[in-house]
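Colleague: Here is how the chains run, residue by residue.
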Amino acid sequence: MGQPIIQTENLKAYYITQAYGVERTVQAVDDISISINAGEVYGIAGESGCGKSTLLKVLLGSYEPPLTVVDGSVTYHLDDQTIDAVNLTPEEKRSLRWKDISYIPQGSMHVLNPVRKIRDTFHDFISAHRNVTRKESMKMTSSYLRDLGLPDKVMGSYPHQLSGGMRQRVTIALATILWPKLIFADEPTTALDVIVQRGVIQMLKEVQQREGSTLILITHDIGVHANLADRIAVLYAGKLVEEAPTRTIINEPKHPYTKFLIESLPSLDGREERSSIPGRPPALDHPPSGCRFHERCPLAKDICLTIDPEMISVGPNHRTACHVVAEELSHEPAI
Amino acid sequence: MTLLRQYILPRIVQWFVVIFVGISVTFLIPRLSPVNPVDQAMGRLTSFQTMDPEATLQMRETLLDLYGLDGSIIDQYLNFWGRLIQGDLGPSFQSFPTPVTEIIGAGIWWTIGLLGTAILISWVLGVVLGSLAGYFPQMWWSKFLERVVITVYPVPYYILAFVLLMLLTYYWPVFPLVGGSRGDPSFTWEFISSVLYFGFLPALSLVIGGTAFRFIMAKALASTEITSDYVQYAELAAVPKRKILFFYIIRNTMLPQVTDLALSLGTIFEGALITEVVFGYPGVGYTLYNAINSGDYNIIMGITLLSIVGIATASLLVDLIYPLLDPRVRLR
Ligand SMILES: Nc1ncnc2c1ncn2[C@@H]1O[C@H](COP(=O)(O)OP(=O)(O)OP(=O)(O)O)[C@@H](O)[C@H]1O
Ligand code: SF4
Ligand SMILES: [Mg+2]
Numbered sequence: 000m001g002q003p004i005i006q007t008e009n010l011k012a013y014y015i016t017q018a019y020g021v022e023r024t025v026q027a028v029d030d031i032s033i034s035i036n037a038g039e040v041y042g043i044a045g046e047s048g049c050g051k052s053t054l055l056k057v058l059l060g061s062y063e064p065p066l067t068v069v070d071g072s073v074t075y076h077l078d079d080q081t082i083d084a085v086n087l088t089p090e091e092k093r094s095l096r097w098k099d100i101s102y103i104p105q106g107s108m109h110v111l112n113p114v115r116k117i118r119d120t121f122h123d124f125i126s127a128h129r130n131v132t133r134k135e136s137m138k139m140t141s142s143y144l145r146d147l148g149l150p151d152k153v154m155g156s157y158p159h160q161l162s163g164g165m166r167q168r169v170t171i172a173l174a175t176i177l178w179p180k181l182i183f184a185d186e187p188t189t190a191l192d193v194i195v196q197r198g199v200i201q202m203l204k205e206v207q208q209r210e211g212s213t214l215i216l217i218t219h220d221i222g223v224h225a226n227l228a229d230r231i232a233v234l235y236a237g238k239l240v241e242e243a244p245t246r247t248i249i250n251e252p253k254h255p256y257t258k259f260l261i262e263s264l265p266s267l268d269g270r271e272e273r274s275s276i277p278g279r280p281p282a283l284d285h286p287p288s289g290c291r292f293h294e295r296c297p298l299a300k301d302i303c304l305t306i307d308p309e310m311i312s313v314g315p316n317h318r319t320a321c322h323v324v325a326e327e328l329s330h331e332p333a334i
Numbered sequence: 000m001t002l003l004r005q006y007i008l009p010r011i012v013q014w015f016v017v018i019f020v021g022i023s024v025t026f027l028i029p030r031l032s033p034v035n036p037v038d039q040a041m042g043r044l045t046s047f048q049t050m051d052p053e054a055t056l057q058m059r060e061t062l063l064d065l066y067g068l069d070g071s072i073i074d075q076y077l078n079f080w081g082r083l084i085q086g087d088l089g090p091s092f093q094s095f096p097t098p099v100t101e102i103i104g105a106g107i108w109w110t111i112g113l114l115g116t117a118i119l120i121s122w123v124l125g126v127v128l129g130s131l132a133g134y135f136p137q138m139w140w141s142k143f144l145e146r147v148v149i150t151v152y153p154v155p156y157y158i159l160a161f162v163l164l165m166l167l168t169y170y171w172p173v174f175p176l177v178g179g180s181r182g183d184p185s186f187t188w189e190f191i192s193s194v195l196y197f198g199f200l201p202a203l204s205l206v207i208g209g210t211a212f213r214f215i216m217a218k219a220l221a222s223t224e225i226t227s228d229y230v231q232y233a234e235l236a237a238v239p240k241r242k243i244l245f246f247y248i249i250r251n252t253m254l255p256q257v258t259d260l261a262l263s264l265g266t267i268f269e270g271a272l273i274t275e276v277v278f279g280y281p282g283v284g285y286t287l288y289n290a291i292n293s294g295d296y297n298i299i300m301g302i303t304l305l306s307i308v309g310i311a312t313a314s315l316l317v318d319l320i321y322p323l324l325d326p327r328v329r330l331r
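Chains as they are written, first to last, in numbering that gives the first Met the number 0: chain A, 0 to 334; chain B, 0 to 331.
Note that these hints are calculated values from the structure, not bench results. Certain hints may be false.
[Unchecked claim] If you want the footprint, here are the derived chain A segments under chain B, 3+ residues with CB under 8 Å:
| # | region |
| --- | --- |
| 1 | 109 to 116 |
| 2 | 122 to 128 |
| 3 | 233 to 239 |
[As the list claims (entries may be wrong)] Simulated crosslink set (DSBU-like; lysine-lysine; CA at most 30 Å straight-line):
| # | chain 1 | residue 1 | chain 2 | residue 2 |
| --- | --- | --- | --- | --- |
| 4 | B | Lys240 | A | Lys98 |
| 5 | A | Lys116 | A | Lys204 |
| 6 | B | Lys242 | A | Lys180 |
| 7 | B | Lys240 | A | Lys134 |
| 8 | B | Lys142 | A | Lys134 |
| 9 | B | Lys240 | A | Lys116 |
| 10 | A | Lys180 | A | Lys152 |
| 11 | A | Lys152 | B | Lys240 |
| 12 | B | Lys142 | A | Lys258 |
| 13 | A | Lys116 | A | Lys180 |
| 14 | A | Lys180 | A | Lys134 |
| 15 | A | Lys152 | A | Lys204 |
| 16 | A | Lys258 | A | Lys300 |
[Stated by the list, open to error] Pulled a few chain B residues facing chain A out of the computed Cβ check, cut under 7 Å:
| # | residue |
| --- | --- |
| 17 | Thr97 |
| 18 | Glu101 |
| 19 | Ile225 |
| 20 | Tyr229 |
| 21 | Tyr247 |
Note that this is a predicted model, so its numbers are computed, not measured. Heads up, the beta-carbon is just placed ideally off N, CA and C, and yes, glycines get one too.
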């Protein structure tokens, strides 16, 4: 595994809105520190509304009020340069985007201009960053699409003439045509049927492996993570609750929430009953005190109601934030 | 081929039906009205001079024929179409016996020139400025433009026109008070420049009002466009703003904008009554105004028919342009 390519430290990003003089603060990303290495596939998992997309927007440096970074830092390490991603100027953004950092958005069904042919959209995006003639950008596009196994005729199509799965693949191609080092993908397989999903996963894998790009993959679907990710971070209500290599997360989850997530996966033979997590995720404008999971946690103790658990290391590359896990660890005989 | 059969052909048929029905209604309405135009005309004629009964009767006959009011209603209707197809709309009564077609023909080019130019200019200005203002709502010039437009827009047109007229022909007389040109129509710079000179003020009054309306519409459409996924994605990818403005924002608002443009072009044939009267401009609006004042039925009828054809043709054109503007229409 390579050097860190993107890091956050104690990152806090809140939606701060003001309506009729009443201020409302949604703590969508709260105190998250992660470090992602060059060339890895880093999965971010968690229920709907836990702050996955918000974290991604901040990592990407693409956010505007009401979303505000209230504390902490995001740093890129690109070509021996250290870049503060919280305060990017428009020029820096223009020079980073697509060439170094790219993004496959959530719900990318509608990101293609409906009145523009696919090839023109590609030309717009390529020529924004490379000094190319139309002929050159067309050549780049058609050879890239061919490499990715997309039919030639999509070039001359309008978005509405393509199926959902094809549109998603075209979007992935559009996002990665300039070989970015860092690719963010937000729910790239959601809303696709299983067969198409497999194709898209395969395509992401190819794109990532070709130049050894870093892929930051967001999805609530642990199955997709199991397929693609090297490491997984589990978010709950704006907090990072556990992070470990994929295998570890799936085989030995430590945090009670992660355990629920893994148990709720359909097993391979499909015979086992799927258990879902009791209760609902909390609203983030008034998150629960202490551990944010305590209302739904079967192991919750008094301390969980008042004190926010700290991140502790529980194994190689494995960390989690839970009082009970910490306690168990301290009782274990030292080796 | 299927496009022709399933899309174009039905619309052309529809065009014929609309015109047929519209013209038939235009034929019927004066005949259902309790006021008989022949009696009216007779009244006007006999009020100036006395005529002997023989002559009066003959006069009446002639008028009935000229108005196409003799025979049963079916005969009248068939006759009406027969004449219409030959381009005969009967004579004007005010300037008897000049044919209506000639009188309308004299005014129509002035009107088409004035309104066509004014509508096109205000459309382009309004769409570009409004979309710019919608794309960059935080800029000072955007707020400034919007404030100007919001001030101008509610001013009634006739007040705007009078203010311009007073300012630029009376207090600061740089433009002529009435008329359309100097000299006889010819393809010389002298004549053409005089047309521009005489047309400037009425055109300006129309452009101001038209641009304000178009600006508001374009800004509203652009404000919706900028929240769309494809605009936001292109922004994120740092596609140049100019390209986003024209190919992502404006291009996606073309459907309603072009529809509206074509429909306003279709109303040209009614003339711009207030404009032409205020500025003494020799177009069909002015002709219509005079015809209404003097009860010149044939002229009113002629202008009505013309605007029916104009509006029907405009909506036919809109339908035919749709597939070019929005690729999604082609599949339907
Ligand atoms: N513009 C906004 N203003 C205020 N609150 C917001 C805004 N956008 C999102 N939120 C809130 O922030 C929290 C996190 O949202 P986010 O979109 O990051 O969740 P997510 O994990 O991506 O969910 P999903 O799986 O549904 O995409 C949610 O509680 C949401 O209600
Ligand atoms: S800290 Fe307490 S409430 Fe939170 S997950 Fe651990 S046991 Fe449950
Ligand atoms: Mg999301």
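Colleague: All hints, please: hold or fail.
Modeller: Okay, the hints, checked on the actual structure:
With 7 residues carrying a beta carbon less than 8 Å from a beta carbon of chain B, the region 109 to 116 of chain A meets the three-residue requirement, and the given coverage holds. With 4 residues having a Cβ less than 8 Å from any Cβ of chain B, the region 122 to 128 of chain A passes the three-residue criterion, so the hint holds. Chain B is given as covering the region 233 to 239 of chain A, and this is violated because 0 residues of the stretch bring a CB closer than 8 Å to a CB of that chain, at least three being needed. Simply put, Lys240(B) and Lys98(A) have alpha-carbon atoms about 18 Å apart, close enough for the 30 Å limit, and the pair holds.
Between Lys116(A) and Lys204(A), the direct Cα distance comes to roughly 27 Å. Compliance with the 30 Å bound is thereby established for this hinted pair. A distance of roughly 26 Å separates the Cα atoms of Lys242(B) and Lys180(A); the hinted pair therefore holds under the 30 Å criterion. Note on Lys240(B) and Lys134(A): the hinted pairing holds, with a Cα-Cα distance of about 22 Å set against a maximum of 30 Å. Between the alpha carbons of Lys142(B) and Lys134(A) the distance comes to roughly 40 Å, so the proposed pair goes past 30 Å and is violated.
Proposed proximity of Lys240(B) and Lys116(A) is supported: the alpha carbons are some 19 Å apart, at most 30 Å. Of the pairs offered as hints, the one joining Lys180(A) and Lys152(A) holds, with about 28 Å between alpha carbons and a cut-off of 30 Å not exceeded. Under the criterion of a C-alpha separation no larger than 30 Å, the hint pairing Lys152(A) with Lys240(B) is consistent with the structure, at around 29 Å. Restraint check for Lys142(B) and Lys258(A): the C-alpha separation of about 54 Å exceeds 30 Å, so the hint is violated.
Distance hint between Lys116(A) and Lys180(A) is fulfilled; the C-alpha atoms sit about 27 Å from each other, no more than 30 Å. Note on Lys180(A) and Lys134(A): the hinted pairing holds, with a Cα-Cα distance of about 25 Å set against a maximum of 30 Å. Only pairs whose Cα atoms come within 30 Å are accepted, and Lys152(A) paired with Lys204(A) is accepted, the gap being roughly 24 Å. For the suggested pair Lys258(A) and Lys300(A), the alpha carbons sit about 18 Å apart, so the restraint of at most 30 Å is met.
Evaluation of the Thr97(B) hint against chain A yields a violated restraint, the C-beta minimum of about 50 Å exceeding 7 Å. A least Cβ separation of about 46 Å between Glu101(B) and chain A goes past the 7 Å threshold, and the interface hint is therefore violated. Below 7 Å, beta-carbon pairs count as interface contacts, and Ile225(B) has none with chain A, the closest being about 12 Å; its hint is therefore violated. Below 7 Å, beta-carbon pairs count as interface contacts, and Tyr229(B) has one with chain A at about 4 Å; its hint therefore holds.
Annotation: Tyr247(B) was flagged as interfacial toward chain A, and the flag holds, the nearest CB pair being 6 Å apart, inside 7 Å.
Of the numbered hints stated above, those contradicted by the structure are hints 3, 8, 12, 17, 18, 19, listed in ascending order.
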